[in-house]
Amino acid sequence: MLSSHRGQIAYLDAYYQEEYQEEKARAVMDLHRAVLEADVKRTAVVVLELLGRTVPQGAPLATVRDLLAAEDSQPLCKFLASTIRSEWRNANAHEDFRWDPVNSTLLLGGRPADLEEVLDAALRARAICRGFEHGVAVAYAQNASLVIRGAEDSNYVGRDLSILQAAGEARFPVLDIRRHGSLVRLDVPDVSVESLREAFRAILMAAIADPSVERWELRQTSPDRPLLHVDRTGTHAGLQVAEPLWDAADPLPFAALPLLANAMTNAGEPAETTASTVLCLAAAHVLGERDRLSPTLAHGDPAAKDELISTTKLISDGAKAAARLLEGPTRRKLTAFAEVLAGECHRLNSAPPVALVHEFVPAYRALRRHGPARLPWITGLHDSAV
10 MLSSHRGQIA YLDAYYQEEY QEEKARAVMD LHRAVLEADV KRTAVVVLEL LGRTVPQGAP
70 LATVRDLLAA EDSQPLCKFL ASTIRSEWRN ANAHEDFRWD PVNSTLLLGG RPADLEEVLD
130 AALRARAICR GFEHGVAVAY AQNASLVIRG AEDSNYVGRD LSILQAAGEA RFPVLDIRRH
190 GSLVRLDVPD VSVESLREAF RAILMAAIAD PSVERWELRQ TSPDRPLLHV DRTGTHAGLQ
250 VAEPLWDAAD PLPFAALPLL ANAMTNAGEP AETTASTVLC LAAAHVLGER DRLSPTLAHG
310 DPAAKDELIS TTKLISDGAK AAARLLEGPT RRKLTAFAEV LAGECHRLNS APPVALVHEF
370 VPAYRALRRH GPARLPWITG LHDSAV
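So the working numbering is basically just the index in the sequence shown, starting at one, shifted up by 9.
Treat the hints loosely; a few may be bogus.
To be verified - Below, computed lysine to any residue pairings styled on SDA-like, alpha-carbon distance capped at 25 Å:
hint, residue 1, residue 2
1, K33, L124
2, K33, L128
3, K322, D310
4, K87, R98
The set of hints was computed from the structure by calculation and includes no laboratory data.
Could you put the whole structure together from the sequences, leaning on the hints where they help?
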């Protein structure tokens with residue numbers, strides 16, 4: 010909930026701070042999606058279960074909306090159902106929206122929509138959910154016997170153990186842990202190309218285990234290797250990507266992209282190098298998935314097509330999250346690549362599976378143009394492709 014709230018605040022800040030309408034529209038759509046998929050869905054499930062209804066595990070938003078609509082005698086269910094407008098939600102989910110500069114309007118699924126109306130709808134949905142949460146807090150305050158207090162572990166030893174457990178679950182070895190205020194430094198074996206993703210996984214899971222940490226540093230065994238440093242900005246961006254995926258898929262291939270951008274920035278890499286590395290790894294992942302699925306795509310398997318398109322959409326989301334950590338031309342370049350990937354997914358939705366064997370040419374071009382990737386924490390890879 011905390012990471013979701015922070016993400017929504019970031020989207021609101023972006024809306025008010027961005028100069029161009031295209032970027033304002035992107036911020037509003039990100040906010041609308043985040044509110045529906047996090048606050049509204051979570052609140053709706055709790056309300057329905059309080060009413061004695063069963064909500065299937067991992068139920069999509071459309072199912073939740075139908076369950077809410079069936080409770081037409083319950084005002085809160087009506088309020089929540091009214092926040093889910095299928096045409097807006099579907100256009101957002103499929104990245105089928107853009108700003109029309111000629112007519113100065115937002116297009117959702119090709120249809121004009123008032124940007125302020127979408128923003129107001131997102132804020133209204135947030136307000137409904139917050140009202141419910143406040144009501145629950147008041148109910149608990151008036152019924153103290155309902156509150157079950159657990160043993161709070163506020164000492165740093167317990168938190169350090171939680172961090173080490175998180176790293177163990179991520180299968181990333183930690184040799185030692187040191188804490189300096191809000192900084193946690195982990196001594197780790199030398200990071201390789203293969204273990205870099207697991208390093209980011211460990212940081213992300215550790216950030217969940219101890220949200221008080223502002224800065225994570227990985228100190229490798231070889232003294233000539235630089236620190237891998239991810240701060241709260243990076244973990245927050247990664248959690249925003251990962252949060253909807255934990256139960257359904259491994260989020261790290263996608264959530265690692267904003268962590269990578271943050272770590273490279275903290276390592277002092279130029280923004281151009283950072284953007285190129287993120288582009289390179291994102292493109293390589295798309296092409297790797299395409300090649301892995303090519304045999305089944307060639308046999309016309311629709312499941313392989315759906316998997317490739319779904320994975321590419323998530324890579325696009327990760328690249329967008331990384332882009333938001335950059336500024337100026339590099340941010341626009343990375344955002345443009347992410348939108349191209351999303352556009353390719355939309356275009357290929359109606360194509361037969363076999364057609365995808367040779368598709369995603371923009372990813373191939375990006376890999377050729379921006380490779381090899383530079384990973385400053387890995388000796389000998391300054392000029393090597395990843």
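Okay, the hints, checked on the actual structure:
no. : hint        : result
1   : K33 x L124  : holds, 9 Å
2   : K33 x L128  : holds, 10 Å
3   : K322 x D310 : holds, 19 Å
4   : K87 x R98   : holds, 18 Å
Every hint from the earlier list agrees with this structure, and none is contradicted.
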